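Undergrad: Residue numbers (the working numbering), protein chains in the order written: chain A, 1 to 507; chain B, 1 to 395.
The set of hints was computed from the structure by calculation and includes no laboratory data. Don't take every hint at face value.
Stated by the list, open to error - Derived DEER-like restraints, expressed as beta-carbon distance ranges:
#	chain 1	residue 1	chain 2	residue 2	range
1	B	A372	A	P404	39 to 49 Å
2	A	S420	B	P67	31 to 41 Å
3	A	A450	B	A68	24 to 34 Å
4	A	V487	B	S303	50 to 60 Å
5	B	D259	A	Y353	40 to 50 Å
6	A	R371	B	H210	23 to 33 Å
7	B	E35	A	V487	17 to 27 Å
8	B	M346	A	E235	50 to 60 Å
9	A	D391	B	E263	37 to 47 Å
10	B	R151	A	R371	48 to 58 Å
11	B	A68	A	V422	51 to 61 Å
Small disclaimer: the values here were computed from a predicted structure and weren't measured. By construction, the Cβ of each residue, glycine as well, lies at the ideal position given by its N, Cα and C atoms.
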Amino acid sequence: MALEHVAQGQTRFFTPGVAPDPRGILLGRFCVMTFATLEGAVSWFRLYSSEAALDELLPNLTITKCRTALGSREIVVQIPAVSSYAVDRAARLCRLVGGAMYTGTAKHFVKYRDDRSPYGYDAVDIGAMPATIDFMVHGDDFAQGYLREGELPFSRLLFRLSIRKLPGGERLGPEDRGELFLAVARGLSEGIIRYLWRNRVEAQAGLFSPGSTSAFDDHARDRGYMLIRARALPERILALFLGTPGIDVFRPAGAGAAVAVGYQHPIDLASCSSVFPAETFHVFWPNDRVDVLPGPLALSDIADLTRVDLALERPKDPRPLGGGLIESIGVELKLAAAMGPPRRVVATLIPLYHGSRLKRILFALPPVSLRGHRVAATERGFLVVGSENLDVIPLGQLLCELAPGLLIPLGMDVVPRVSSDVLARALGHQAGVVTVFTTSGRPFQVNEAAFSSLERRALAKLDVDQVAVDDYGAEPSADAQVVNDAVGRFALWGFPDAPDRKLLPGK
Amino acid sequence: MARPHVRDFLSGFVQPLVAGGELHIGAPIASADAERWEHELDDASVELAAVDDARTAVLSTLVCRPPAFVLEADDLALALGLHNALFLVHPRAEEWSVSDRVRRKIIDTALAQVSRPLTHDRTRVMARHALLHNLFHLTRNDTTVSWWTGRARFQGQKPPRRLTAWRGMRRVREDVTVIDFEELLAVPDTAPVIATLLRRTPLTQLLDAHPGAPPLHWEDAVFLLRDAELARAIGYRLVPDAAPRDQVAGAARLAAAFDQMLERTPDEADVRAVGAFLVHLAALFCFGELGLREAGAKSPLISTVLAAEAAGQRPRGLATVFALPGALALVDPRLATPPGVSSLPMLAARWAVHRTQTAELLGDAVIDALAARLRRHLRPAPRDPSVIVALPELG
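Let's have the full structure, built from the sequences with the hints guiding it.
TA: Take a look at the structure:
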């Protein structure tokens, strides 16, 4: 029984089914960990799940009860050797809980690397394996054969473990209270929903009956409860619920499970979410109760579940009222000085008498400065709308945008402060229309089609005395085309005599 | 045969020449008729007003307040000369009865008509430009009618209906070819008339061009650069919001004319004015890039038009446009940077980027060669009086 240290770059080994990985570490397709007791294996799962995801190991993970030739029993956990990094972690944790780690592929497993041999070990005297054993591990000074006695599925192990009470686990931070599940007895559900709704807690609720696998258990209907998913539950409400009989609070653990608040499953459930079937949702209660609900959870908003009182036996007849003017309760919209930071200037309303100044500015600016600006000549003035900050035209009333197409004077705000949607609806503002509030007079609307791009041509014909004319644009000239009229005989009387010479080039 | 009235000429030729439409070309018009028409202008107020309104509309996009003017003998003579030049490409002028001697007579008459005195008067220059602004855009539709037994070509005329009847049975096909300035006014007979005409309207030459047109003589046009409003209008027209190659085409054309000017013996003030104007155009290219996200990014315009792989396709004068600020910095630094650039930090940054990028792409040799040519015309800048000269101490 001897193990040899694997050298760097070594490629040939005595142990069957092993090869160096890219780092040169000897690795088989699988690793086996031997534990003297099941508690050791559970401890390993607990440690590993807290550090890494068990999901990547679960497809090829087996837990086997094995017997040695001497009759002793051990728990052997076989995991896939996905990479030497993952196996390094597994080996470190295995040693921590008193187990041993071996690597191989089929029947012969050799000790995994340790500090003394960083590239692993190779068993040099592998002989014929007795037919009575299933696989053999090769250690430093021994070779042990194992006979499989039975397998323990990981899911069964998971559900057999009891959740443990955490000291101080009922005090949750704001992040932990982000999403919680409430299992509410059916008699309390209506009051709890109303309570949550009154306290403006965002929540969804659904009625569930846990699935039952027992043919004798026909009281599943009685165990049904309302499951409420509450978001950002305030601390005081959480404390109230935790102290109320009939209400149990759960924290989600992964996508398909939830554990009672104040308790923790020995194995991190989030790291082994593939154990839970997609169509189920597991609720881990204290005292080893696990409810399997149909998943994903179909929940409804509690705002739609609040009670509606109907008094059909006492219909309220409409009471006739005498005639009279309906008293308006509307509030007049006004402009008031804005208190917030100044908005971006997107438009300006230039009085008509400033038309000549606008034209002079327009003729002095290079075309690139006017790119993207549009102008509409209205009875209330020239409305210039810019695509960027409209600071090149220092004229008129500067306007900023309250909502798309809704312009108010700079430094002003609409009072009462209603949302821009409500304001737009009240004004009849819609897409394709620009609505302008002015400090003097009523707001007015201009159709988007009335705008033309701001350039010299747009105001070329502007005349201050003709403000009533709305179209100031210069028409683009048509193409000039030569048309040859029919020319009959013509005389050249009055034409000067040309010198008598040929019209040859260079003459 | 009734003698034609100036009204017909104004409505049939001058009005469409200014405002667009069909320019009717008839028999050549003698100078004697032109003199008679000058007197008949008083009887054509309606047509005159229409032409002048159209000319004002043309100038309205150029200057803020177009000057007041009335069409008079000077404008009429230029229009007559153009009409007679266009008659030379009339199919009637190609017939056997129009001999070389007759053509010569018509050319001489047209030349005499367009040989009006050169002018530096602002109103006169603008009036002439408004009259002739469409010169480079004149077109003619030539129609070739082919049928099952033959074909005929009609130059600027509608084919007779008898040739286009029964299209299906006679398998009539009409092909229309658009003839432009190159074949209308740049042919040997009309070219001298048009060259003479264009010298009379330098504003048109600065604002517009055609590859077949005679080159610009900066000495005739430099006075326009001394009018700030016109110079600004020319600058903005020459730097359109277009693709990079179109954006630099106008500036390159004027710079090519500047290159030719440097080979002659121009006045030093003229060289300075044109140089300063071209430097101003280079600043406008920078101005157009103020919206770039990165202030120090290389200019996409210069990268495109001065790319080494497209060096063979550069229009004439393009290298001069971009090399001129660098060359003037060696000769007379006062002209090398447009006034006011330093007051706008973003523009100053783009200006520095342009100059660095130009020096990289063109090389110092191009800039030095241009500087050497400029030195022949520009005297060195006077010494700065603030420079303290140390006097030798008296013994």
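Undergrad: Which numbered hints turn out to be false for this structure?
TA: Of the numbered hints given earlier, those the structure breaks are 1, 2, listed in rising order.
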